[in-house]
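What follows is the residue order along each chain.
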Amino acid sequence: MTTQSDTVSALESDALKALQSAKDNDALEAWRLEYLGRKGRLTQLLRGLTDLPIEERRTVGSASNELKTRLEAAHEARREEIDQARLEHVISSERLDVTLPGPPLPRGRLHPVTQTLRDMLGAFGAMGFQTSEGPEVEWDYYNFEALRIPQDHPARDMWDTLWIDYEKDGKRPMLLRTHTSPNQVRVMEKRDPPIRIVVPGKCYRFEATDATHEWMLTQVEGLAVDEGISMTDLKGTLAEFARRMFGRDRQVAFRCSYFPFVEPGMEISIDCFICRGAGCRTCHQSGWIEILGAGMVHPEILTNMGYDAECYTGFAFGVGVERIALLRYGVDDIRHFYANDLRFLRQF
Amino acid sequence: MRVPLRWLSEYVDLTVDPKELARRLTVAGAEVGEIITSGTWDNIVVGHVEKVEKHPDADRLVLATVSTGTETHRVVCGAPNVKAGQNIAYAEIGARLIDGHTGEPTKLKKSKIRGVESEGMICSEKELGISDEHTGILVLPDNATVGQLIRDVIGDTIFDIEVTANRPDLLSILGVAREVAALTGQKWRDPPLEYPESKSPAKKFIKVEIMDPDLCPRYIASIVENVTVGESPPWMQERLIAAGMRPINNVVDITNYVMLELGQPLHAFDYDKVRGKKIIVRRAEPGEKLRLLTEDEDRTLSPDMLLICDAEGATAVAGVMGGGDSEVSPQTKTILLEAANFNGPSVRRAAQVLKIRTDASTRFEKGLSRDLPAMGTARAMKLLVELCGGKAAEGHVDVYPRKAKEQRVTLTMERLARVLGLDLPTSQVRTVLTSLGFTCRWVPPAHFIVRVPYWRTDVSIADDVIEEVARIIGYDQLPTSMLRGAIPAWIPQPLTELRERVRNVMADAGMQEVITYSMTDLESLAKVLPREELAINKPLRIANPLSRQFEYARTTLRHNLLQTLAANIGGTQNLIELFEAARIYIPREDDLPHEVETLTGVLSGRHPDRWGQPTGPEADFYDAKSRLEFLFTDRRVQTDYRDANDFAYLPGRTAEVFVRDTRIGIVGQVHPRVATGFDINRDVVMFEVDLEALLPHVPEGVEYKPISPYPPVEQDLAIIVDADVPAARAIEIIKGSPLVAAVRTFDVYTGDPIPAGKKSLAFAITYQSPKDTLTDADVAKQRTKILERLKRDLNAELRT
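Sequence lines, in order, name chains A and S. Read in order, the letters of the first sequence correspond to residues 965 to 1312 in my numbering. Read in order, the letters of the second sequence correspond to residues 868 to 1667 in my numbering.
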């Protein structure tokens, strides 16, 4: 009888000693199998009980069960010790150099002209202007004639044109559009007022390139026609656009200018955000930077579109995307945009 | 238009400083592009050339002795026009000048030129910063006081005004003066026009016949006898120079002077050379020729050009340029002065065809007033009488078949308020319009009848008058407001939206967007497209290309991407991924081309390792395909890939992309022959998608499917098939089984122990039923059926 009790306590002291020497999870698991497993020593001990008298069986049995509980608790405590020790080791000896980079995950970027264009369309979109696109290869009619720029009109000098080598009735009626204004006419032909659109797209000019001129350019044309639209609305809309693109504290100036399809016509400048109006290279010492041309839609155009020009008024504007991009990014040469040097493009 | 302020001040008092005046003009529409101050010119004085000697050591140089009144200096000079007796601009050592060669500001230093020390310099216009003229020195008027600072002789402030195409009246000093008057509250003064006439009537000298009044509404011919052709007076020469014109002789100078002053181009003929004493204004005859004033060869004229002829033939192209025959010469005694009005578009067309733009043609083409020739005539006659000693014949021959009507415009206050967005007091409207030379008659209750002054040919409707009011008050004075009307109904733009989405997805996939030129050359297209296709889709040609490089509208983006790739490789192995979403231009018979929105991408280089070094595998077909699949997954488009042959791609590594039976694109390895054409000597893969073809296959939204509550069963299946059997065919068969929810290929293997000519394909198959929990037996049954079909259709064996 005492023998059996001694066996239990001997097993306990063996087990606890062995547990202390278990230094990692593998050793811990081996210990668990040895003492608490299905074929472990405690199980064997219990199995031996069947040979004992019933009274003794009960005593030793309960002692064994208590032992099992104690060993399990000790195992759990030891496991926590080992986990803690391992974590302390990780923290103290397996520190990462957090300044090393993560593995590269390439990020593509949109072209700066695309980004600028989207911001512009977003600014106008917030004021209710929907996007509408038109063809880049156009008829003379839409690009010029319908906009009150007939053949041999001196205003044609404002848009040096690339003509398509296609003749009909002794004339060259097809061209690369010089502005996105032709879509004004295309939209008005199809829709009735109210109209509020912006027309983004590529345009082309017969123009030698230099730091501020490209022969291929992107323009956003805008058109609003409705009852009761006046020049004050044009001023408000474009001032809001300029502030959304260039900052709330931007000053906007309007001056008279001439485009055959508007009357009155105007050009809009913002105060130079580099010199704050004092005069610098960017603004050619004037303190102002021109950003777009605009005006009230000429009543003759409305009439030609079948609108009642007594009742409906409207405004139109045109703004160069590259010019806006040049200004907002401080790029010094417009030719960078279509040279597509990755060292340039990846900056945006 | 160069406007010297000294000259301008003759017609209007300048009451504000030049900078403020320039600002007001600019805001009102006459943009002052540049304010030119003709130097401070310290240490530069009027010098008198006493004598000119040869330079001992240089044929092209001379030694000029220059007196400044108190001293004389020996100056080395290289100008061909330096002569004894001239007054010139003499720069002392230390003067600040513009370097004649570099154009940079410089300080004059003492120097030896070919061994002779030059005590100062005789200046050209360029060196003084007046103009770019550097072929000779500037000769000052004879009456200039020697020793005087030259800024007191020729110094001035000049406005360079960028005149818009609608305002020919501003191509004159008087026109600008009127503008200044309105903007500064002053009155302008017209120049004096009265002169004495002789008893002999002009119509005895000359007859004028206008055959084509549509192109010449008015022609005034006047006669001045007894002129002495010589130099014009210094004040006139100075003004012409300041305005950017070269003095020639007094007669020609007067015609130019009056053109600059009033805006009316004039032409002086040597009357004695006008054959038959008759002027005929008519269209050119087919094949007719004329030698122009500045040229050595005859020009062939076209029948839409208007000519000024005498009894025997053409002497000038109307409004553009005269011929040499009737030019005024030092021997000329009698002047025939032409002041006419010509049709703007006709002059413009003639100038364009002849490729000559003159000061006259740029004025006529903008549409001048028919009243202006009379004023121009009177002014020029007065000057010819006063400055050339001439005797004016009595009256003029004024042929005026198309009389100008006085322009009257009705301006309602309602329209003014509607366009400007605010009510202006009628008194303010009247004041502004009157200050510009308009006259206003108020008609109660609410409108003006506005009479437009003759010089304002651009004003014809109420909104034109409204602009006049607004621009003089100042656009900045108008309030601002936001649009108040209803926002129009939304109209979807599916193709635009798809293209923009595609841009985002490709950038998200790691590709860099580029934007390339839409125009190209045939050589570039021929590198990427087969000859037959170029013959069928013959690219649109630009009639007047900027250069041969940009002569044709592209019908593909391939060359653009390959060119951009080549330009960016720069000797590294780095992985470069580029895409562009843009239009190509497919020609159509007698119509605008079909502009197809196209996505094209290229990849080349090695994948980066953990450190970003390009040491990983080279980008291959599957890398290109994965970008496409990334896109199609994003847009939920089901595509399949079929072996393809294409000129630009390597056979066996190229697939056409289909959605059902529509081909929407292509992906593959660029044929090395094509890559080499762009100097790319490494593997390149490329893909192209026709976004228009893709669009109808993009589902509009997402349709929700319930998640099966029953557990899926995943099993692997490996089969052995002939090496050329596409994996997609096996997948198609597996997917045909009703309980298969998903199939994923996870291994492709050839080599031992797989027999030669065969390959092993391994698939992870997910079985799932929406109705119940699958049993092992259910799955085994399906698997057996799948294997049977694979065997039947693909001759596949189970790999064990």
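In short, the hints are calculated from the structure, not lab data. A virtual CB, placed ideally from N, CA and C, is assigned to each residue, including glycine. Incorrect hints may have been included.
As the list claims (entries may be wrong) - Below are the DSBU-like pairs computed for lysine-lysine, each with C-alpha atoms no more than 30 angstroms apart in a straight line:
no.	chain 1	residue 1	chain 2	residue 2
1	S	K1249	S	K1140
2	A	K1132	S	K1249
3	S	K1658	A	K1132
4	S	K1054	A	K1135
5	S	K1270	S	K1070
6	S	K993	S	K886
7	A	K1135	S	K993
8	A	K1132	S	K1222
9	A	K1135	S	K1626
10	S	K1270	S	K1054
11	S	K993	A	K1166
12	S	K1054	A	K1166
13	S	K1492	S	K1272
14	S	K921	S	K979
15	S	K1249	S	K993
As the list claims (entries may be wrong) - On the chain S side, residues computed to face chain A include the following (Cβ under 10 angstroms):
no.	residue
16	D909
17	P1197
18	R1351
19	I1443
Here is how each hint holds up against the structure:
no.: 1; hint: K1249(S) to K1140(S); result: holds, 23 angstroms
no.: 2; hint: K1132(A) to K1249(S); result: violated, 52 angstroms
no.: 3; hint: K1658(S) to K1132(A); result: violated, 64 angstroms
no.: 4; hint: K1054(S) to K1135(A); result: violated, 48 angstroms
no.: 5; hint: K1270(S) to K1070(S); result: holds, 20 angstroms
no.: 6; hint: K993(S) to K886(S); result: holds, 24 angstroms
no.: 7; hint: K1135(A) to K993(S); result: violated, 44 angstroms
no.: 8; hint: K1132(A) to K1222(S); result: holds, 24 angstroms
no.: 9; hint: K1135(A) to K1626(S); result: violated, 65 angstroms
no.: 10; hint: K1270(S) to K1054(S); result: holds, 29 angstroms
no.: 11; hint: K993(S) to K1166(A); result: violated, 41 angstroms
no.: 12; hint: K1054(S) to K1166(A); result: violated, 48 angstroms
no.: 13; hint: K1492(S) to K1272(S); result: violated, 72 angstroms
no.: 14; hint: K921(S) to K979(S); result: holds, 16 angstroms
no.: 15; hint: K1249(S) to K993(S); result: violated, 34 angstroms
no.: 16; hint: D909; result: violated, 23 angstroms
no.: 17; hint: P1197; result: violated, 36 angstroms
no.: 18; hint: R1351; result: holds, 7 angstroms
no.: 19; hint: I1443; result: holds, 7 angstroms
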